[in-house]
Each structure stands twice: as structure tokens, then as C-alpha cells.
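Using the sequences provided together with the hints, build the complete structure.
Chains as they are written, first to last, in the working numbering: chain A, 13 to 318; chain B, 13 to 318; chain C, 13 to 318; chain D, 13 to 318.
Be aware that one or more of the hints could be misleading.
For chains that are exact copies, the list does not tell them apart, and a pair is met inside one copy or across any two.
Said to hold, decoys possible - Below, a list of computed lysine to aspartate or glutamate pairs in the EDC-like style, where the Cα atoms sit at most 20 Å apart: (1) Lys290 - Glu312; (2) Lys290 - Glu272; (3) Lys284 - Asp242; (4) Lys180 - Glu191; (5) Lys307 - Asp87; (6) Lys290 - Glu301.
Simulated from the structure, these hints should not be mistaken for lab results.
Each chain, written out:
4 protein chains.
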Amino acid sequence: MPLSPDQLDEIAAARANPQPTLRAVAPGMEAQLYHAHQVLDHGFVRVIDYMGDDAAIVQAARVSYGAGTKHVSNDDGLIRYLMRHWHSSPFEMCEVKFHVKLPVFVARQWIRHRTANVNEYSARYSILDREFYIPEPSALAAQSAVNNQGRGAALAGEEAARVLAWLKSDAAQAYDHYEAMLSQTQPDGSPQQGLARELARMNLPANIYTQWYWKIDLHNLFHFLRLRADAHAQYEIRAYAEVMAQITAAWVPLAFRAFEDYRLDGITLSSKAIDCLKRMLKGEQVTQESSGMSKGEWREFQGVWG
Amino acid sequence: MPLSPDQLDEIAAARANPQPTLRAVAPGMEAQLYHAHQVLDHGFVRVIDYMGDDAAIVQAARVSYGAGTKHVSNDDGLIRYLMRHWHSSPFEMCEVKFHVKLPVFVARQWIRHRTANVNEYSARYSILDREFYIPEPSALAAQSAVNNQGRGAALAGEEAARVLAWLKSDAAQAYDHYEAMLSQTQPDGSPQQGLARELARMNLPANIYTQWYWKIDLHNLFHFLRLRADAHAQYEIRAYAEVMAQITAAWVPLAFRAFEDYRLDGITLSSKAIDCLKRMLKGEQVTQESSGMSKGEWREFQGVWG
Amino acid sequence: MPLSPDQLDEIAAARANPQPTLRAVAPGMEAQLYHAHQVLDHGFVRVIDYMGDDAAIVQAARVSYGAGTKHVSNDDGLIRYLMRHWHSSPFEMCEVKFHVKLPVFVARQWIRHRTANVNEYSARYSILDREFYIPEPSALAAQSAVNNQGRGAALAGEEAARVLAWLKSDAAQAYDHYEAMLSQTQPDGSPQQGLARELARMNLPANIYTQWYWKIDLHNLFHFLRLRADAHAQYEIRAYAEVMAQITAAWVPLAFRAFEDYRLDGITLSSKAIDCLKRMLKGEQVTQESSGMSKGEWREFQGVWG
Amino acid sequence: MPLSPDQLDEIAAARANPQPTLRAVAPGMEAQLYHAHQVLDHGFVRVIDYMGDDAAIVQAARVSYGAGTKHVSNDDGLIRYLMRHWHSSPFEMCEVKFHVKLPVFVARQWIRHRTANVNEYSARYSILDREFYIPEPSALAAQSAVNNQGRGAALAGEEAARVLAWLKSDAAQAYDHYEAMLSQTQPDGSPQQGLARELARMNLPANIYTQWYWKIDLHNLFHFLRLRADAHAQYEIRAYAEVMAQITAAWVPLAFRAFEDYRLDGITLSSKAIDCLKRMLKGEQVTQESSGMSKGEWREFQGVWG
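Next up, the structure:
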């Protein structure tokens, strides 16, 4: 359970006191504010603030295109047009701020997305809590035999038990030593100096939890979600991305539907793939040899088109 | 007068309907929302949306620093500490969106700040209005004799009158031809094809007004204001920056005061300047020759320290 | 002719003096360095510097993926894999710097790409030359009847002549007045103050030429080329993008070929389009009504698949 | 010793083969290329590529300012002028690419600088080496008593020994288990599935070494160096920044000297501090009470001015 009674009280207090505003309000997002969605064993995602809604995207586009856009009869049609034609700037007019608690190895993948603002809990300044990600048995997967950066079936039996035991005991021991190094008291009660926090943290493994505030515009959030809610993303970051996708759908339903249709569930065809499909539509039987594609590319092509 | 009755009605309508929200609300900014501040002869700045307030800066910093920051007794002290030590990420947690109407030559300077989101009215897609910036007599300045990118005294007499007449008549003629080129009707009423908008716009001078939505986080807004509300900035962009500075002061009063003290009204000393000041504090008489500075640098140094 | 004898001499001098370096050298790019490719009537593009080559992309990827990538048998296969799977960071390891001379209205579109470094000639500081873009008769196009931001057939006869005459005479008059306003001498030889450069420039139309140094990494250059070498881009910016595409092909031939296949000549299919194509491959006759697409989307779909 | 004989051979091979180029060549940087500067116990920094030199900064500035800048008599004066007046774009015209090997907890600080391109060795894809940062006794510092994010004196005696023993034994055990979890063979020789790499890495502590290619422009590198070569930066990242500062001094000596004078060794004064200094120059005795500064701010002020 990631939230303490204190934290739940804080959330309830934050939600107890609506204020009037003249800004755009997204009702679906108001229902989300401050609530924590549990992710993995100790993590969460929650929305702290947002700016804009579907109408703000349309408003920004109409400044760009002036009266000309009025021929697109409705907001939905315009948003789909913008998404289809890669007009990214109107989507940048919406912004969202999340509070995320996540394991450090997930944070290290996540931070590769540079077009966001981040404030992370500082283990240089403060002391981290004793919380570590330990995978569910179903997520304790073997190395994929075909994909260097993928996983296969779940580990079974004694091997699974051995791995879980190591993950738990190594984390516990590392944290025990972390605390003992920081302490100004030795085990026998006599005083010691206590190691600097900025050094002691180096003993902690990558499955310890950290947390951050993460703020991003909607265009870049969509880019993040396309890469991280994808089936090829590591399960642990995908678990966060999927929750954030649901939140985004509640926030900007029209934009999210266009994103799903054109990006998340869409695909990109190379000129070779276009050529092959055109030949197949004419009834030709295309093989890897006649496709001009590499084996890997052909396998991916067949995965979609059979 | 930059606003038409229709526009004033739209603003009144946008302000008529407060909605409840659970987000952080900045009362000083609510009072600003949608209102247009007139700038130059036909321009304006108005706030369309914002995210966060002084407390959001503190909240983000406390995630970064954890319990450790509690020794700073209050929000103001923490915000000043962050500003003094160049901790920029907490200020990035606030965001603001402006609607700006401005001459194209000002827009060309402005867009150099790349860390913002922009949706500009498209003259490729739509037709620009007949509105041009014509300086007030007091702003019709001569070239500076000492600074290649500065101005001197206002032009006087016939010279001023001649310049104003040219600015007006060239703009009027360029716009007449712009309209005539776009038109599908010749002056004699017979039909013509009409030049593409994306081409016709090339005939328009740089004092024509354009408009855009411009969205930026508070850290980058402060950077913009430091450069553009500065005495060395061109008067026409400074006029916008000064209005935006006032709006920012209403939005995040603590952060703005820290910004004023440490950035806007602060200065940076080189190691040579530090050395000179230390010698002067000891009573030494320092000259340009003994300062190690170039003439230009010494002139700037004396401008501050006498 | 955009280049003066002086400029040609400068280029010859810059190319006369090869120096030894231990860095990666791209022979195709060395042949391009400093040479000016003419674009439009007075514009040019030339390469001033570059960093990296195809091998640098592979080298960066192999740091990312370690020994694991060795199963991809060759550089070409790895580069194609990276492009296909949207791995952008290895392409960011190459960088290029262009010197470009271009009309202001093209510069205004171009600068929307924010992920580049720019140094533009300052008309606040210096005096612009008397050079204006005047379209070739074939490029003097009518407004498109179906697309607000497109063009139709070239203007014909008197209409074309009238437009060209206006573009030329308005530019000439605006520049005459620009010079006269800047001048410290009146037409009659008596002295005057002379308007500040930062103000006088506002009288100049958007077809005047400016120039800049523009530096960008290969990933972002590809993004620029995909949008600006596209058939929907305005002809005048496309003319620059096409020259830059040729230069890029000479620089990183493997990466450019992958870019062409997967991006420039590739397309993105929505989930609806995937569904339609699958039904068509099974022999079904799909219509706009049964496609689930809007009219515009269906028109674009048919444009590719017939 | 961070470099194996194989690695030294690779460096020698890379340096053995100069090629002619027409690009700007920085002799001081050619001498640095590929050589590895040892940092900490197993880390290094080495330059892989660079673009531009001091002259490239001047060249970019002269495009910006046109003929106007010729009154600055020399390159050094112009570069100092640009640095003093915060003209950042000419410095962005130089670019450098480093190969860095560094502990993960240092990498986590480093990556906060978002304006760089990064390719990191992927522990999702590949297997990390058994190399951990273990501080020198002199760097094994106690927590600072006055600064939450600082350190005090080195630990002494048994406490130091105990900390070092824990750091070593926890790292060794975590790595032993990492290997055993990855292995497809159990200790008794019987087969097992082997945990996915993307999961096994979570057991590794933050002092394990990773490596990356890191590419950045000179303006942003200066910003990085100002923050990370500063006395307040954590010693472990400062060790890298100081080596990179030396490399930068060899690359662009004029720009580096200006950076040192105006940024690295310069300071920023608040308006309150300016006011106090002016009063002190007039002979007034200023105290914290009469300064208007907080205690912390006054302590910092006195640290400089006594």
C-alpha cells in the first residue's frame, strides 16, 4: 500500500476546497486531481496541476490559421486534422504536472525525455525511505532469447524463489548499511561522525524508490506515451505510461482519441512497405526476397499484414 | 485603440463565468485574465491561462530537498534562496500563456527565445489586417553615436515629419497592393486569379502587426524579462516586457520580488571587477590602467560604482 | 548572381588550405565545404562546418547497446534498424553548420524549428543590402481554390506583370526611403540626424534578404527536411530544403538513405487506415462511408492507395 | 587503472591516422583527441570530436552584427564583450563530444542538464562490468553540520574502515547475485532460465560505473562547468568538471579565459548587495541588520567582501 493515512488525509484536504477560476477547466481532470493511482508495489502517479483542455488546442490553432479554419466544421475534425498533419504547436498549449513515485531504474529511463521539467527528491539533501521494488512473480521474467532488450516467460520454481530472495536481502542489507553509515551513533551507542548523505546514497540499489514532480506539455506527453506505453517498452515503465494515458484520456478526450488513432495504434510504412502493399493489393504474392526488406524488417511487416 | 467592441464583449464574456477548480489559484492573476493591456499603438498583451503560484515553487522545491528544507522558516526565504543559488527547476513548475499582438520586427526579436511554445497567426493561411506600428514622436529616435545598436535623441522638425510620412505612405501603399494582388477582381471589376496568400505577404513591411499565443515557464520568462525589460533592449520590445513584468508581479509576488532583487536590479561582477572593488574598499584609487579592464568594460564599471 | 568576385575569392581561399585532423572526416562533405549553392534569385546555402559521419552514428549506438548490437552484421543494417525504431539519440551525435541567405518571410517559417542554434545578421546593428526576392514567372502562383495554405496555377498575362511590377517598385521605394531615413545627409546635402537602424528596418518588406548561421544535429535536421522538403511545404522554403537534402546525402549516405526510405518517402497509417487496408487485402471493396474516415482523410488515403 | 591494453591500443590507432580537412582545426584540441583523462578510481573523460574554435565564435558574431563589429579591434575583445553582455548564440556555434565513464550516482546528477545529446550504455541490452566507485580515504567525508547538501571533514579511524568495508562488500555481493541471476547455469551446473537483463540491473548499487557519449555546445558546456566545477558541487562530479574545464581551455583559449573571468570567478550581486557595497565605499560600517539581507545571505556576502 503506497499511501499512508497521513497522505490520504492530505489528498482529501487538497480536494476539499474548490476555488473559483476564470481559466479553462477540464471536468475529467478535476476528478483526477491529487488522487494517487497505485503503480507497481510502492509507486504511484497523481496529477498535481494542469493547464488547458481540448478547446485550448482548437483556440491556439485558430490563432495560427485565422478565419481560414472555420471550414473545418467542428473541434473534433480540426484536432484530428492537426494530429494527422503533424501540427504539433497547438498541442503544446496544454500542460500537465504529475507527482510520481518510481524505482530509480525506471527514473533513469524516464529522464531520457528531456523536454520536461523535473524536480526530484534529493538524496544528496535528504534521506531516502526503505522502499524497494520487488517484482510480482508474473513480472519476474527470463531474458528473451530473440531480443536483447526484451523478456521471455516468467521464471519458475526455485529459480524465481532464489532471485526474489536475493533482491530482498541485498536491498535490506544495503539499506541497513546506508542507515548505519549515516548515523551519528555506532551500534554500541558510542558517537561517530556519520557519512555525508551525498556519499551514503551510492550504496543503494536501483530498485529503491524515488519521487519527482514532472511537468510536460501535451505534445511531448504524447511522444512519451507513444514510446513508453508501447508493447516494446519495459513493463515497469509501461505500467506508469498506461496510467498516464488513462489520465490524459480523461483530460483531453478528443485529442487523446486522435492520438490513439494516428499514433498509438497507427504505424509508419517505409517506401518499400508501401510498394509491397500496393503489389499485394493487385494480387501479387510478395516474399521477403522480392520485398527488398531485411529479414527483421520483413518479420515486422508480416506481424502486421500477415 | 487596439480592441474593438466585439473583442471587449468577448473578454467580458470570458470573465463572466467563473468555474470551481481544485488547482492552485493565484488571485492576482485571476484579476488579470483575458484583459488586454495596450502596448504601442495597436498592440496588446493579455494572459489567457496560467499554472501554479508562489506556493507551487515551494512545493516543488520541498520535493527536491525533502524534509531538509524545513529549516528555512518561510516560503519567502526559500524562494530567495533558490533564486540566489540559481536553482532553476522549481521556477519551471509555473507556466503562463499570453496572447500578444505585436509588430513583425518585434516578433522577430522575440522568437529568438526558443524555450517557449508559440502559435502565430498564419499569413500563409489567412489575410493580415491593415495595422502598422507608427512610432510616437518621442520614440522616433536618431541612431546612437556611440552604440551601433542603440538610439539617441528623438528626431526633430522636418526630419521627423518626413520619416513619419514615409512610414505611413509606404505601409499604406504596400497594403493596397497586397489587397489588390490577393483580390479575384481587378480594379475595373473584371475577374483575375488572385495571388497566393503565401506569396502576397512578402510585400508587407516589418511594422505590420501579427499576433500569437506564447506559452513559457516562469524560469524562462524571468530570463526573457531580464534581457528584454533591460535598458539596453529596443524600446518597442521593452514596452511589452514591462507590461509582462507587472503581470508576473501580480501572479507570483514573492518570486518576482526575488527576481527583481537578484536579477533585474542585480549585476554580475567579473573577477577583475571584484578585485578592483576590494582594492577600492581598502581605500586605493583605481584607474582604468590599473584595473586590468578594457576601456568599454571600465566605462560600464564606472557607470555603476562611480 | 548571388556571389560577388570577393565572395568567390573568399571561398577559394577557405578551400585552399587543408589541415590535418584526427577527427572523423566525411569525404563527401569535405567536397561541399564553403561552396555556395544558389537558391532562389539571390539566396544561397553553404556548409561551414560539420561533426561526425555515418560511422559516428554506429559508434554512438554501440555505446548504447554495447556488445549486444554486434549481431547486426553491418553499419547499414544497424542504421536502418535505428531509423525504423525511432532511436533518435545516435543521429543526434552528428552536427552541421550552414550559412544561409534567404528572404525574411522564409526565415520566419524556418525559425519555427527551435532545436537549432542561430546567429542572424542584425538589422538593428547593421544596414541590410538592397536585395529582394522577386519570384520567377513560374513561381508566381495563384491562391489554391481547395487549400487555404497552398497555391494553384501560375498567374498569367497582365495580372502577372502587374504583380511583378508592384513587388519590384514597392521594394525599391521602401529601400530608397530606408536609406534616406538612415542617412545623415538630406537630399539637398544639408545634414540631418538620421533615424536609428533598429527603427528604419521596420519599413522594409518581407521579401528582403537576410542571412544567418544555422547549426543543428542530424536528427533534428531530418525532422526539418521531412517537413520542409515535403510537397506541402511552401515552394520557397522547399527550394532550400532540397539543396540541404542533397548536401546531407553527400555527408551521411547511409543515414540519408534510411531517412528517405522510412520518413521522406514513408507514410503513417492510422488504425482506421490499417483496418481498411486489411479489408482491401481480403478483397473487400471499401468506401468512404464504410471506412470510418472523414472526407478529407479518405481523399488523402485514396491519394496513396487508389 | 581505468584503461586496458586493448583500450590503449585503440586510442593509439585512432590517433595514428590524421586526415586532411578543410574545417576549422583547433590545435590544442587535436592534442587531446581520444586520450583518456583518468577521473576517480575507474572513470575517465575523453574528447571524441569537436566543431569550431575561437575564430568560429567571432565569425558567427560578425554575421550577427555585420560590419558594425569591426570597431572592436580584435577577437579577444569581441569574445569578452559577448561574454560580458550575455550574448550566448555565438558560443553555441562550437560543439564538443565527450566519452565519459562515471558512477551512476554522478550520472544521475549530470543528466539533469537537458541541453545535451546523450547515448548511454544500456544495461537493459548489455551486461555491466564489475567496477564500483570506492572513495579515497580523503574523499570519505562526514555530513556537513551546517549545510544539508555538503560535507565536512574526512571520516577517521574505525568508522572510515567500516564504511569502506561495507561499500566494497555490498557492491561485490550485489554483483555476484547480478551475475548469478543472469546466468543460464546454476551454481551446481544445472541449467536455469536466467533473469532478463532489464530486471537484473535493479540489484546494482549507484556506485557502479556506466558510460556515455555526451555532446553539447560551448554555451551550455560553460553553464554546466559553472555549476559543476563550483566549490558547492559534489566532489565526485566536480572531479569530472575540472578535467573538462582544462580540455575546454585547450580548445578555445580566448573564450575560456573570458568564461573564467566573467562567470567561473565572477559573482552576481543583488540590488541589496550593490547598495551595501556603495555604502561601504563611502566609508559606512554596514551590519547584517542594516544590510536588509537575511542571515544566510549576509554570511555569503561577508565570505566575499570580508
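Original post:
So which of those numbered hints doesn't the model satisfy?
Top reply: The structure conflicts with no hint, since it agrees with every one listed earlier.
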